[in-house]
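Undergrad: Please model the entire structure based on the sequences and the hints provided.
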Amino acid sequence: MIEIVSETRCISCNQCVKVCPTNVFDRSESGLPIIARQDDCQTCFMCELYCPTDALFVSPHDRPAATLDEEELAGIGLLGGYREQVGWGKGRSPGAARDATYLMFKEMQKKAGH
Amino acid sequence: MGNLNSYNNKAASLTLEADVLVIGGGPAGTWAALAAAAKGASVVLADKGYCGTSGATAPSGTGVWYVEPSADKREEAMKSREALGGYLADRGWMKRVLDRTYANMNDLALAGYPFPLDESGNRYLRSLQGPEYMKLMRKRVHKAGVRILDHCPALELLADDNGVGGASGIQIKNGEPWTVKSGAVVIASGGCAFLSGALGTHVLTGDGYLMAAEAGASLSGMEFSNAYAISPAFSTVTKTAFYTWASFYYEDGTVIEGAGSQKGRSVIARTLLTQPVYACLDQATEEMRLWMRKAQPNFFLPFDRVGIDPFTQKFPVTLRLEGTVRGTGGIHLIDENCATAVPGLYAAGDAATRQFICGGFTGGGSHNAAWAMSSGSWSGEAAASYSAKLGFRRNARELQGLRTTPVEKAAGARESQVKAGAPSAQEVIAAVKREVDPYEINLFRSDARLKQSLGRLDQIWREVRSGVATSGADVWKAREAASMAATARWMYASALARPETRGMHKRTDYPDIDPNQHYRLLAGGIDDVWVKPEPQPALPAAEVHAG
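Protein chains in written order, with this note's numbering: chain A, 208 to 321; chain B, 3 to 549.
Calculated from the structure, these hints are not laboratory results.
The model shown is predicted, which means the values in this text are computed figures rather than measured ones.
Keep in mind that a hint or two might mislead.
Said to hold, decoys possible - BS3-like cross-link-like pairs, simulated, lysine-lysine; straight-line CA separation at most 25 Å: (1) B:Lys-296 x A:Lys-313; (2) B:Lys-81 x A:Lys-317; (3) B:Lys-265 x A:Lys-313; (4) B:Lys-41 x B:Lys-97.
As the list claims (entries may be wrong) - A few chain A positions that, by computed beta-carbon distances, are all more than 10 Å from chain B: (5) Ile-211; (6) Val-212; (7) Ser-237; (8) Ile-242; (9) Gln-245; (10) Thr-250; (11) Glu-277; (12) Gly-296; (13) Ala-304; (14) Ala-307.
We put the beta carbon where it would ideally sit given N, CA and C, even for glycine.
TA: Put into structure tokens, the structure is as follows:
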């Protein structure tokens, strides 16, 4: 579930408010997005991909997590790590172009005896 | 063709006119919108979430049933699942889907999807990464001039004596109603996964099934609705294919014999009834590990974030219900245009039945993706043609809402239609989930259990009919609850009407396939649910053997 909107990283673009498929975020009076309905989060990680400043963190758990430390997560590359893998963001190229599914499928066919 | 007129009849409420309204903005909905727009139609696309991130495809990735147009390859592709599907699929539909998917995937390459190159330097078009695919589809839909309404769930269809002519719903962001009057409507709102937490399925609550049934459309194949996917117990990420390389273990570390991602899924389910099951992808080679990461980065998110190496460490797994999202049941189609029996109403993607290409076996992954883009395109084109034929009459219709369940502060209503003391949406949803989630009812099916469960679901439905309470700001959740209850009833009524084991529908009391039940089942009805064999089933004369 979504756990962190980093106030230091967030630039109040409110892209997360816009793209969340389950309407978890609200724009607050200060302009910063807030996690208004965490219960509605489906842990799909899409907000992280659309955040231009890697200010969001979705915990992999399907229920609220214990307190998380933003500095620590940033330190181990988890803030924005998924966006980097998907190849979104300035100076990156789409990871879809490096999709190795064809190699997997080949092996899978051997394994399944197709 | 008509113009896209927008006018406000009161502050922030929204009324639009269009040739075609598409409900749902996942793969099927976006292809439908593109196809309708290409025919010159004005199009509105309304998504409950956000077109581009909504649904099961966007956060994930999918194989695509893309087969080169060579006779041998096509024959092999069509044959591969016929027996698994219990011979309920249709070669004509399969051929058309293969043709359309081939064309659409090449169209997607032209539109700029960054397909990878295989070792021979050829573009590999059998797989799509969800975020990239759906971002591109939104861009294309937008560029085609389609008006996109995000966070706008539909609550009901509008119709007159001549058929469906639009829909209305609520704008989640401001709580105000929206209405779209259109010549035709395409329902592409996905299947129903009963809020099981399977990746990306929170918006997939069967809303389109209920709306279509309220308009008088039938459903088909609703007994093939009990797909379960493997995921880590703590996480939403369902990617069952990767578990091809997994071994499954009891808590004490001994291997669970017979457990597997494909045929051994019931062994996992049976074990989960009494104890936890652990998995480890220890059959993946070093090479495979790298390929997996490049194929589906999302698969590794839960592991990387909790610090588990899934290739060397055991982790607890569970099975999450994917219902009709990976099942094959859905709105019944009466022709190749993806029309329903109701004039002006079309269905595509997981909202529609996928039996034509999958029979009763899962449409998961590649087949559903191919079906979504093919049926999406056909329904969009047909809806545009239908609307064009209506011409000016389109705008002069006296339309009525078809909703059968009262909603608090519904569009246009002055006060709540829901009585005090009505169950909350959360309570109804929890009650439905108690009937559909358990493996002992839904996976290992039997006459007695299905009947008892259906009895409880009928009671839930009676309560839903008198009204479901919500906090007021989230009235659409009452419709989600109603849709889930309705879907569950069609599922179990259909499951009871098929006393045999065929495709994914497994009856413990009838463990064999019965050649006398070689037909598709139709279902429908709101208060009185009915199920009957499809009349004049044009099914392949297949040799059907027990087992």
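Undergrad: Kindly indicate which numbered hints from before are broken by the structure, ordering the numbers from low to high.
TA: Hints 10, 13, 14 are the ones this structure does not satisfy, whereas the remaining hints hold.
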